[in-house]
Structure formats: C-alpha cells, structure tokens
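Chemist: If you want the building blocks of each chain, they are given just below.
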Amino acid sequence: MRILAFIVVCLTGAFLLYGTSEFPDWGDPNSPASLHVAAYYIEKTYEETHAPNFVTAVVTDYRGFDTMFETAVIFTAGIGCFLLLRDFRGKKEHYYHHIPTGVILHIKDEKKSLTIGKEFGYMDKEWVPPDLINKTVCRILIPFIQIYALYVVAHGDYSPGGGFQGGVIFGSSLILLAISYDLKTLVKRVSERLLGIFAALGVLIYAGTGVLCLVMGGNFLDYGVLAPLFPGMADHIRALGMLVVEIGVGIAVMAVMTIIYINIVSEGRHDEGL
Amino acid sequence: MSDVLSLIIAKYNYWLYVILMMIGLYGMIAKNNLIKKVVGMNIFQTAIILFYVSIGYKTNAGIPIITTADTAHGVVVKAADYINPLTSCLMLTAIVVSVATFGYAMALAVRIYQRYQTLEEDELRMRLSEE
Amino acid sequence: METIISIKPLLAVLVSLLVIPMLVSSSGKPNVRESWTFMAGIIKFLLVVSMLPVILSGKQIALTLFKIAPGADIAFRVDALGMLFALVASSLYIITSMYSIGYMRGLNEHGQTRFVSFFALAISATIGAAFSANLLTLYLFYEILSLATYPLVTHHQDANSRISGRKYLIFILGTSIGLVLPAMIYCYHATGTLEFAGGGIFSGQLSKPSATVLLLMFVFGFAKAGIMPVHSWLPAAMVAPTPVSALLHAVAVVKVGAFSIVRVITGIFGVDFLLSFHLGAVVAAIASVTILVSSCIALTQDEFKRRLAYSTIGQLSYIILGVALLSPKGMTGGILHIAMHAFGKITLFFCAGAIFVATGKKYISQMVGIGKRMPLTMIAFLIGAMSIIGLPPTGGFISKWYLVLGTLEGDQMIMLFVLLSSSLLNAAYFMPIFYKAFFCTKEESMFEDKIEEAPMMCVVPLLITALISFALFFFPQPFLDLAQLAVKGFIGG
Amino acid sequence: MENYPALIVVAPFVTGLLAGLFVWIEKRLSYPIVLAGLFISSFSAVQVLIRVMESGPIQYKMGGWSPPIGIEYRIDLLNAMVLCLVSGIAFLNLIASYRSAEKEIGDRVSSYYTVYNLFLTGLLGVTITGDLFNLYVLIEITSLTSYAQVAMGDRDRGPLASLNYIFIGVIGASFYLLGVGYLYMYTGSLNMADVAVLIKGSQGSSTVLVAFILCILGIWIKMALFPFHVWLPNAYTYSPVIFARVVAPLMTKVMVYIMLRLMITVFGYDYIFNTLNLSDAVVWLATIAVLAGGVMALAQKNLKKMLTYIIVSEIGYMVGGAWMGNQLGMTGAILHILNDALMTFALFLAVGNMVYRIDRVDITDLKGLFGKMPWTMAGFVLAAFSIVGVPPTCGFFSKWYLILGAMEKGAYHFAAALIISSLICAVLFFKVFEICFFESGSHGHDHSSHGPVAIEEAPVSMLIISGLVSLSLIVAGFYSGAIVNTIILPFLK
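Residue numbers (our numbering), protein chains in the order written: chain A, 1370 to 1643; chain B, 5 to 135; chain C, 2 to 494; chain D, 18 to 510.
Hints may be right or wrong, so weigh each one.
Unchecked claim - List of simulated lysine-lysine pairs, BS3-like, C-alpha gap at most 25 Å:
#1 C:168 <-> D:44
#2 A:1557 <-> D:44
#3 D:318 <-> D:426
#4 C:168 <-> D:426
#5 C:68 <-> D:44
#6 A:1553 <-> A:1487
#7 C:373 <-> C:489
#8 A:1494 <-> A:1477
#9 A:1413 <-> A:1480
#10 C:373 <-> C:362
#11 D:384 <-> C:168
#12 A:1413 <-> A:1477
#13 C:362 <-> C:443
#14 C:209 <-> D:426
#15 A:1481 <-> A:1413
#16 C:373 <-> C:443
#17 D:448 <-> D:384
#18 A:1477 <-> A:1487
#19 B:35 <-> A:1413
#20 D:510 <-> D:217
#21 C:489 <-> C:437
To be verified - Derived, one-sided and incomplete: chain A residues facing chain D with beta-carbon distance under 7 Å:
#22 1442
#23 1445
#24 1448
#25 1548
#26 1550
Stated by the list, open to error - In silico negatives: residues of chain D with every beta carbon more than 12 Å from chain B:
#27 70
#28 93
#29 157
#30 173
#31 181
#32 184
#33 197
#34 201
#35 282
#36 294
#37 388
#38 433
#39 436
#40 452
Simulated from the structure, these hints should not be mistaken for laboratory data. Every residue, glycine too, gets a C-beta built ideally from N, C-alpha and C.
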C-alpha cells in the first residue's frame, strides 16, 4: 500500500512538474498571469473603487460574489459542526466545588443540581486549578485583542486586513477566554443562541447588501447603485460597500470560529472541555 | 546538467510546491491514522495555496496597497510595481475552504472516536466488519 | 396509397388503458368492475371495426403522436395486416373477458382487480403493437406487453409461478433487450429510418452476412413467437390462470411475437431484399424445425395445457414459415393463420379451463370419458382441434390450404412435406383426447354419466369461438381479404 | 425582470441563511422560508429557460463588472435546462421529504434546512456560473454541505462515510483548483469564455495539457467515475433520506454538466478530439465503468446501496456519450443528464417512502411490499423500468441516442456495455420485484385467505410527489424528441 501510494504520489508530482516546464521564470513580471486581468486590477482599482488595498477590492468587489460564498463555506462548517456534534442531553454527573472550603462535591443524580453562586462553583471532571497569572494576563489582553480585531475589519480597504482576518482575531479572543478560564465562562457570556444568530446574520449582511443592490435596480452586489442611500459619498460608495460586507464577514467568521471550537472541545455538550 | 539545474533554480518555487503536495498526498493515501490523514489533507491544500501565491509574485514589486502618498499626488499606478492581487484574493478563498474542511473533518473525527474509541483505520475496518 | 389521418387508432389503444382507474376504483364491486371491462372491450371492438371499411377499400389510417427522431416517431398506422390482427385480438378480448368472469369466480381466485387491470393493459399494448407504424413503436408496445403480462403469468404468487415468471422474463425481456434493441438501433444507424415500408428500408447498406445476423437477431429476439430454442417460456407460462393462457398465450402475446417477425420481414427487410439474398430459406428452415420438434414434444405431454402450449409453438411457426416462403400464396396463408389459429386455439384453451373449473382435472390421462360429462365442451374441443389440424369444415383448413399452395408455388417440396407431416402429428396429439373422451367403456370412464358442465360464463364463450371457427370456413372473407390486401402491399412494393 | 439569473442562486442562499437565523428565533418558520426560496429559484429558472429559448444566451454581470474583470453568469440552453432540473427537483423533494426529515433528523431539522438550501445554492451556482474559480468555490460549498448532510444519516456509519468522502472530495476539488491555476498561469484569466479564446491555437502546450487533465480528473473524482467511485456508495447509503433523494439524482449529473461545460466551452472539441485524441481511451473507461457499476450492484444486499452502484454505472453512460466525439453521443449524454436525474429521483422517492415505513431496506426486508405499499411500488416499478430502458419511459430514449452515437463512432463495445447493463438492471430490479411480489409473508396458494392486505402507505405528500415524478418519466420519454429538437440540438449547433 505504501509503495503503491508512493508511486502514485511520485507520478502525480512528475506530472505537475511537467506542466510547469513551460511556465515563465518565477517572479517574471511579464508572465501572462501578471498581465491581462491582474494588471487591470492594479491600474484601475483605485480609480474605480477608491480602495487603496487592491486585494480587498478584488476580494469584496470585483470578485465579491466568490467571497460571499466563501463566507457561506465558513458558515456551513459552523452549522455542520453544530449539527454533527451538538448533544442536548445533559451530563449525567456533575462536579462542584465549595468555594469557602475547597471541598469537591460529586453528584451522581442527574436531576439534582446546585445553584452556582458565592458558595458553590462549577468544576470540570479533570480539574486543573485556575492559574491566576494566566487568568489575569488574558483578562487584560482580551479587550485589546478585540479592539485590534475591530481595527483590522474596519481598515480592510486601507491596509492589510479585512473581515476574515478580523473575524478570526476576534474569535480567537473568545477562545482565549475559554482556555484561560473554562468553557462554561465563555458559554455563559456568549450564548449559543447569540453565536448562531451572529453566524447567520453575518452572511446575511453580505447577501443582504447584494439584494439591496438588486432592489436599487443594479446587478447583484453592484455597490455603485447604493449611492442614493449615502448622500455625499458617491466617490467612495464602492469602498463603503466593501466595508459593510467586511463587517458581515467579520461577524460571521467570529461566530463560526467560536461555534466550531466550543462544539469540538466539549464534544457537543457545551459544558466542559479544553 | 547545468541547464537542468538552472531550470530548477529559476522555478524552484514550483518544485517546492510539488514536493509539499506530494507529502500531503502521501499522508492522505498511506497513513493509517485518520488525524494524520486530515493533516495530510491540510498540507496538500497548503501546497496549492503556495503554488497560487507564487504565481502572483513579481520581482521588485511591493504589496498591492497604495500608500496615501501615492494617491495624494495622482501618481499613475504601474502594474509592475505591485504584486498580483488576484492570486492572493483567490487564495483567501482557498484558505477559508481548507479551514472549513479541516474544522469539519476534526468534528467528524471527534464523532468517530466517540463511537468507536479509535481513529486507526485498520481497527475501524475491523470493527465495522464485526458488526 | 391514400392515407387518412384519424385519432381512432389512438382511441382504440387508449380505451382499455383509461378504464384501468375505473377498474381499480371499483375493486370492491365485482359486477361494476366487470361491466367496465365489457364496456371497454366493446368500445374497443367497435372502434376497430369502424376502421375496417376504410382499410378494405385500400386506404390506410395514420396518426403521429410524438416526434422522437426523424424516421422513428411514436406513430400509428393501420394497414391490412395490423387490422387483421387487431380485429382478432379485440374480438377475442370480449369473449375472454366473459370467460374469465366464469373462470375466476368459479375458482374464487384472489387479486381479481389486479388481474383485470393488467389484462386491460396487456390488450392495449397488443392493439398498439398491431397499429404500430414503425419498429420503434412496435418495440415500445412489445415491451409493455411483456411487462404487463408478468403479473398475469405469476398470478398465483406461489413458488411454481415464481420460477415460471422468472423464466418468462429471462426469455422475453432478455431477448428483446439483448437482441432486438441492438438490431433495431443498428437498422436505424444504417438507414436513418425505422418506418415500415412495403419494400423494406434497406437499399444496399447490408452485406449478406450482416443481413443474416440481423435477421436472426430479430427472429430470435422476438421470443414471444416461440421459435426454438427460445420457446421454453411458453410451456412454463402455462401456470397462469387459463384465461391468461387463452388470450395471451394463444392470441395476444405469442401472436404479437409472430406479428413482429412478419412486420420485420416484410416492412424492414422487404420481400425483394430477402429474395435477393435467399434469406427466406434460412427463416423457413428454422421455422420448420420448430414445427416438427414441437409437435413431437406435444405428443409426449400429459398435462392438457402444456400439450396446447407445444401445439401453439408449432402453429406459430406456421405463420413464420408462411411468410418466409416469400411467395404471395404462402404469405397469405401465414397471415391468415394468425386469425384462424387464434380462434381455434382459444377454443381449446377455453375447454381446458372449463374442464379444470368443472372437475379440477389438469391431465389428459384423467380425462377418459369426460365427453359424457361435458359434451358441449368436448364438441367445441373437436371443432377447435380440427381447425388446428386443418380439416374442413373449419377456418384452419383455409390457412393451411394457402400455405400448401405457397409451397407449391415456390416449388419447395421439403416445406410441403413439413406441413403435411406436421398436420398428421397435430391429429395424432389431439384426436386421442377426443376419442377417449367419448369412446370408452363404462369401466374405463372416470366420470359419472351425468351432464354437468362448467358455469355458463365458461361454456358460452367456448361455444362462440368454436362456432366462429366453424363459420370461418364458409365466410373467411374479412380475414382473407385483409390478408390478400396486406400481401399485395408487401409484394407489389 | 433582468435579475432572474441572480435570483436563481441568491434566493435559496438568502432564504437558507434566514432559516438559519430563525432557528434561534422561531423554529417553525424555517421550513416555509426555505420552501419559498426554492420556489422562487425554480420559478426564475423556468423564466430564464424560456428567455434563453426565445432569444439566445443570457449574460449576467455580478457586481456590474464585465468579464473577465468580474464574475459573470452565462446561461445557454444547456445550463438553463440543468438549472430547471436542479431547482425543480430540489423544490419537489423538500415538499416530499417534510415528514421523513422530521422523523429522521429530529429536533435539529430546522437547522438542517439551512444546509439543504446551501447545498442547492452550490449546485445551482455551479451550473450557472461562467467563471472557473467561482465554480471551484461553489463546488466546495456543495461538497462541504454534502459532507455535513451525509454525516447526519446513519449515526454509526455516517461520520466515517463522510470523512472518507471528504478525503476524496478534497483531492478532486484540489486537482480542479490546480488545473485552474495552470490555466490561469497560461492565460491570466479566469473567465471561461475568455480562457477559451486565449488558449485557442495552443495545441502543443504542456501547461494546457496538464491543466486539462487536472480539471477533468478532478471532476471525474467528484463525479465518481468508475475507479474513483469508492466514496459514493457509502456516502449516499448512510445519508438521511431527504439528502439522498436530492444528491443522488443531482450531484453526479451536475458534475457531468461541468465536464461537458469544460469540454465544450473551455477546451473545445477540436482540442480534445483532434489534438489529444482521447476519445477511444475514455470511451473504454466508460465502458468499464458501466459494466463494473452493474456487476457491483448485483452483489449488494441493501436496496439503497444497490441503487448507488447503479448511479456509478449511469455515470459511465454519460461520460461515454460525451466523449464519443459525435453529435449523437453528446445528445445522448445531455438527454441522459435530464432523464437520469428524473429516474434516480423517482427511485429514491420510492425508496424514501419505503424507509419511512419499514426503516431498513435490505432487499429481504421488502417482503410483500406490493400489498403493503402499492402506490409507492408503482412509482418504484416505473422508475426501475426507466433505468432498465423500457420504452416509453425516458431511460429508453437516452440509451437510444447513446447507442446510436456508439455505432456511429464504431464503439461497439460501448453499445454492448449499454445493452448488458440494461440486462443487469433488469435482473437487479426483478430480483427485488420478486421478493416484493411473491413473499407476502404468510400465505402460500390459499385462495380463501387472500383478504386485502393491510395497506400501510407513506404520507400523502410523499406519495403525490413520488407519483408525479414517476409519471413524468413517461412524459419525458414521449417528449424526448421535442427536448432534443428544441434544447439539445440548437445548443450543439
């Protein structure tokens, strides 16, 4: 099997290399790939869209339709994980710790539960004492990470960045919260319902912008026709459209990252995990 | 010989991508552990991303973002000065796809492990034939 | 030739198809259901008859339903040959429906609604095949008929019928998909048309070897005609209830097979084409072998229906043989035999069924002395048997007469010998039954000396068909005229 | 309205997302929202088809950017037809599967509808797009949603089947992506029409050759052409009924469409058949695929799995037809996209109804099903006949064109494979029918005990759709000539 695999892999590799034999040298500015459409994007983007970041302009405007589906791909992964793993049955056994004394309680009756408050706290089955340094550092860091994420989203058309990147950063801040505290803390602060709504809403903002363009009489995702809605910004209307969809992407990506994380680490129970 | 060598040097990016891709593909076909296969898959997809991104590269060109200084004075933008934005754009999509697939594959692995308590393919096959 | 566009052929096909929902919906009320069946049968018959004068006056009726590809549409065309066949099938359908009421109720069979529904479907397909304008349409109805007959053959749903049903399908469906379909598509590929034409559709596209192969594919592919060695489904299919055997395996199904072969020989290849390659002799030889072998086998069969089945196999080959003689008289005889054999054979099947209903006997050896108990039935049997043997004064004599003339016309003494010796064999396997039924001593007789016929609904139909067989000797005109008209179309070009 | 092309894809997309939103707000609204989306989509598809038939191909520029700068939708007769097919089947399936989805998926069903609609967005988008990379993204949406749905069926086997599907699916999609990369490297464009112009005349280029092979190979893997089919049977067997019903008819067919699109629009006949001369090799491969699919189907004990192997076999039909290199073969392949989608849909509708009632569909579990679920079985029988290729069901007519194409090219092995495959399918289905028909559990041949069997049919909504689609097989059969003349031939001209 391994030898067979090796032969197949080598043949594929050789075949792919054969295809590159006619390629222009690496970095050749006159290769066909860099002329034709690509050159147009570089030369005309600013003129047409007023977005200095060509990549963002191509991503969200020229090929914005691709990107909408790309967001949908992410959304699908999230909802797929949810559908596959989410397990609404409660856990059979619960662990609590008595805060004043540190005594651990193990309750086997699934119907009984204690109220969480000053006296009792949740505890995971494999309990690791919360690390004060970790907790504190993360508590300080998380708001900054989130601000940075918002910045990356908002400045997508000016500098490297955009909805995906910002969304991932924001999502990772939430994941950090779960890692440094525990999963319950995250789930308590950001409910599953909220994440679900956000995930769908983010993609809907994108698609909704497109539909709005349809309603305004243009083609789908033709931001140009939105100008009447934003008086005085006719020049920048395309960049503005990009911003709107970037925000949508950001929201969706953030929510989906978190959904995937929560479901995988807790095997769908949303109670305890990494 | 030197011809071949110079050919390789001039296009070593493609050689790298092919080798990376071969590693990934080999992992997907030959490995027994499902997680390893998933990782192989990820390497495979990354190789393609590498390929695309290297297509877009141009020597002596900068990132495809106009600085404020450029725009202010109405400088004519020359294509040769910026690397190709299109391939980066395409690869953003490919990355997202590969992340999504990876995430979902992981979720599946979790599920399979829950059910069979193993991720080794031969053991899984044994378990399935037992049922 | 003048062609009239009319919707009648479509209606004739559709009538019994449209009545199926009625049959299903009135499944709880047998009398209502039966009246629907009769209504459909009578309307169908009237529709067919209403086209008869037009056909006899030398015109044709045509209707194109769906255009599929140039030269291969779903289309109807009523000519003399089709008319003859449709007339036989639709008239016998009414009689069989009557008979099946007597038979099915007499035996208290299950699934009667299913039975009558598929029966109606089968008869629709038969009429459709008769009226087909081209090979594609013919194939379409041929297949529908195969599939619609399957639930009828396996009506009893027991192990025995399962095996028979399987055999039936393997032979019928296997040959039609495996042989006819490629042959048909090859024809279309070679000529670009499948339309039945008086002189055939080929004009030099085929060499002799490929023409031979193609012809054999058709002859064996239409396995419903029961040419050996693709005949063995027919005896197996005798597990079906007798009305099915009677109508389908004496009239509709097997005749569609023979009819299809006749159509292919006359309409696709064309008489002149076959004559130029001497291919008629090949088919005739195959048919003669079938005639002789099947008659010999029939002699050895003790089960009444199986003996009839082997007799049918032989008689079908008469039709093929007659047409394969490629002489006007021979072809007339062959085509006429479609009708004559149908009336004779259905009488015999009706008798077999009636005996089964009245006494439960299936084997000939158990029927000694039955003439005393069921005289009417056995007299009808005599007439039917005479018709099959070809003795005057029955219809069968006329077709045989033409067949013999055909062999003389073509100077084919071997075929003449085949025909005559086969007639002797026919007599040899039918006459003892009749003889034993009446002329036996008291000790030998297995029945009491008391007349006790099958239910009325069983006896009346068989008397009617026997009477028709008898009458056809004196008044063969409608069928004879149609046959001669058809042959004129094929040979006159 | 000029935005119909966009609506075809956007309507199911937006409604799918809305449904995903309403899962968290008001669960019961998900279903009607999704249904409305698919309705709008199918309505728009029909409108687009009408327009294309009236006034030629339609171009729609996404974001207002003209190609090759932006993404364009380009709709000609071929994809207009496929669009109608996809959206129509999806819409009908959603109605038919309402009950079964609730039963199988349970409380998650409202989120499931989101995935369902996204899946269809993918399929529709793949069909309508004129951009190579957009195609990739949509293939990935289709794939990812199908991975998700496969895993939701059988709780034990589903996830594993899905993971194996992922591995092979990713390889397929990645090969395609690499192919697009090579093409982009050569031309600098991603628009299909633009690429086609730019690679014209580059017959000897190794880049184009590799790009071509990668693209086609990738699509073949996604399509499950014979040696790459290993993922398909498990994935389709263990998925929930609502998904199996839509993926089985559509997924492979849409992939075949992409193959045709790449062959016709991007690389061009001339390049494939004259420069590379691949026709013979691929037709052989297709021949093997047809036979292998059939043979493997024979070995299956589970009805669903058996059908999936038949799909593998059917893929061989279309690939073979498309690579025949002549107009007849191509006509057959395109017609078979339509017909095969319909008949597979009808089959799976029937199977879904069975699953709804009896849960397991191992062939031995089907005893007495003709009595228990007569309407479902009627639909099943029709669909099965269509797969076998019995006229007048539509399966016959595409087979007809395919065999004609094979004969024109002289690829008799492919023609023979099609015939043999028909026979194999006949064996397969009659094996099933026999069990359903004969083994009705209790009785042998006992006349009195044949009371009406208790009918336990699937819900009416499922039955109506199942019946309609099965009847449409016949309608499509009769109108296949019209379809060929108004859609396929004008497209190929």
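Chemist: Each hint needs a verdict: does it hold in this structure or not?
Modeler: Each hint tested on the structure:
A threshold of 25 Å between alpha carbons decides the hint, and for residue 168 of chain C with residue 44 of chain D the separation of about 55 Å lies outside it, so the pair is violated. Among the hinted pairs, residue 1557 of chain A with residue 44 of chain D is consistent with the structure: their alpha-carbon atoms are about 22 Å apart, no more than 25 Å. Among the hinted pairs, residue 318 of chain D with residue 426 of chain D is inconsistent with the structure: their alpha-carbon atoms are about 37 Å apart, more than 25 Å. With a CA separation close to 36 Å, the supplied pair residue 168 of chain C and residue 426 of chain D exceeds the 25 Å bound.
At most 25 Å may separate the alpha-carbon atoms for a hinted pair to count; residue 68 of chain C and residue 44 of chain D exceed this at roughly 50 Å. Taking the CA atoms of residue 1553 of chain A and residue 1487 of chain A, the gap is about 16 Å. The hint holds against a cut of 25 Å. Annotation: proposed proximity of residue 373 of chain C to residue 489 of chain C is violated, straight-line Cα distance about 48 Å (limit 25 Å). Our distance criterion of 25 Å between C-alpha atoms is met by residue 1494 of chain A and residue 1477 of chain A, whose separation comes to about 12 Å.
Distance check on the hinted pair: residue 1413 of chain A and residue 1480 of chain A sit about 66 Å apart at the alpha-carbon level, beyond 25 Å; violated. Of the pairs offered as hints, the one joining residue 373 of chain C and residue 362 of chain C holds, with about 15 Å between alpha carbons and a cut-off of 25 Å not exceeded. Of the supplied pair hints, the one linking residue 384 of chain D and residue 168 of chain C holds, its CA atoms being roughly 21 Å apart against a limit of 25 Å. Restraint check for residue 1413 of chain A and residue 1477 of chain A: not satisfied, since their Cα atoms lie roughly 68 Å apart, outside the 25 Å limit.
Between the alpha carbons of residue 362 of chain C and residue 443 of chain C the distance comes to roughly 19 Å, so the proposed pair stays at or under 25 Å and holds. About 22 Å separates the Cα atoms of residue 209 of chain C and residue 426 of chain D, which keeps this hinted pair within 25 Å; it holds. For the given pair, residue 1481 of chain A sits about 67 Å from residue 1413 of chain A by alpha-carbon distance, which is inconsistent with the 25 Å threshold. For the hint pairing residue 373 of chain C with residue 443 of chain C, the CA-to-CA distance comes to about 10 Å; that is within 25 Å, so the pair holds.
A hinted pair counts as satisfied when its Cα atoms are at most 25 Å apart, and residue 448 of chain D with residue 384 of chain D qualifies at roughly 12 Å. In summary, the hint linking residue 1477 of chain A to residue 1487 of chain A is supported, as the alpha carbons are separated by about 22 Å, within the 25 Å threshold. Taking the CA atoms of residue 35 of chain B and residue 1413 of chain A, the gap is near 48 Å; set against the 25 Å cutoff, the hint is violated. For the hint pairing residue 510 of chain D with residue 217 of chain D, the CA-to-CA distance comes to about 19 Å; that is within 25 Å, so the pair holds.
Distance check on the hinted pair: residue 489 of chain C and residue 437 of chain C sit about 45 Å apart at the alpha-carbon level, beyond 25 Å; violated. The closest approach between the C-beta of residue 1442 of chain A and any C-beta of chain D is roughly 6 Å, which is under the 7 Å cut-off, so the hint is satisfied. Of the supplied interface hints, the one on residue 1445 of chain A holds, with its beta-carbon coming within about 5 Å of a beta-carbon of chain D, less than 7 Å. Interface restraint check for residue 1448 of chain A: the shortest CB-CB distance to chain D comes to about 6 Å, inside 7 Å, so the restraint holds.
Taking 7 Å as the C-beta cut-off, the interface hint given for residue 1548 of chain A is violated, the closest approach to chain D being about 26 Å. For the restraint placing residue 1550 of chain A at the interface with chain D, the shortest Cβ-Cβ distance is roughly 25 Å, beyond the 7 Å limit, so the hint is violated. With a least CB separation of 34 Å from chain B, residue 70 of chain D remains clear of the 12 Å interface cut-off, as annotated. Interface exclusion of residue 93 of chain D from chain B stands, the closest Cβ pair being 26 Å apart, more than 12 Å.
Against the 12 Å criterion, residue 157 of chain D falls within the reach of chain B, whose nearest CB is about 5 Å from its own CB. Not every CB of chain B is more than 12 Å from the CB of residue 173 of chain D (nearest about 6 Å), against its label as outside the interface. Against chain B, the non-interface label of residue 181 of chain D is violated: not every CB pair exceeds 12 Å, the least being about 10 Å. Consistency note on residue 184 of chain D: stated as away from chain B, yet its beta-carbon is not over 12 Å from all of that chain's, at 6 Å minimum.
The claim that residue 197 of chain D is not at the interface with chain B is violated, since a C-beta of that chain comes within 12 Å of its own (minimum 9 Å). Interface exclusion of residue 201 of chain D from chain B breaks down, the closest Cβ pair being 7 Å apart, not more than 12 Å. With a least beta-carbon separation of about 20 Å from chain B, residue 282 of chain D lies farther than 12 Å from that chain, consistent with its non-interface assignment. The Cβ of residue 294 of chain D sits about 28 Å from the closest Cβ of chain B, beyond the 12 Å cut-off, so the non-interface label holds.
Even its closest Cβ contact with chain B, about 32 Å, leaves residue 388 of chain D beyond 12 Å, as expected for a residue assigned away from the interface. At the 12 Å boundary, the C-beta of residue 433 of chain D stays outside the reach of chain B, the nearest C-beta of that chain being 35 Å off. With a closest Cβ-Cβ approach of about 36 Å to chain B, residue 436 of chain D is found to remain outside the 12 Å limit, as its non-interface label requires. The claim that residue 452 of chain D is not at the interface with chain B holds, since no C-beta of that chain comes within 12 Å of its own (minimum 24 Å).
Comparing the model with each numbered hint stated earlier shows that hints 1, 3, 4, 5, 7, 9, 12, 15, 19, 21, 25, 26, 29, 30, 31, 32, 33, 34 do not hold.
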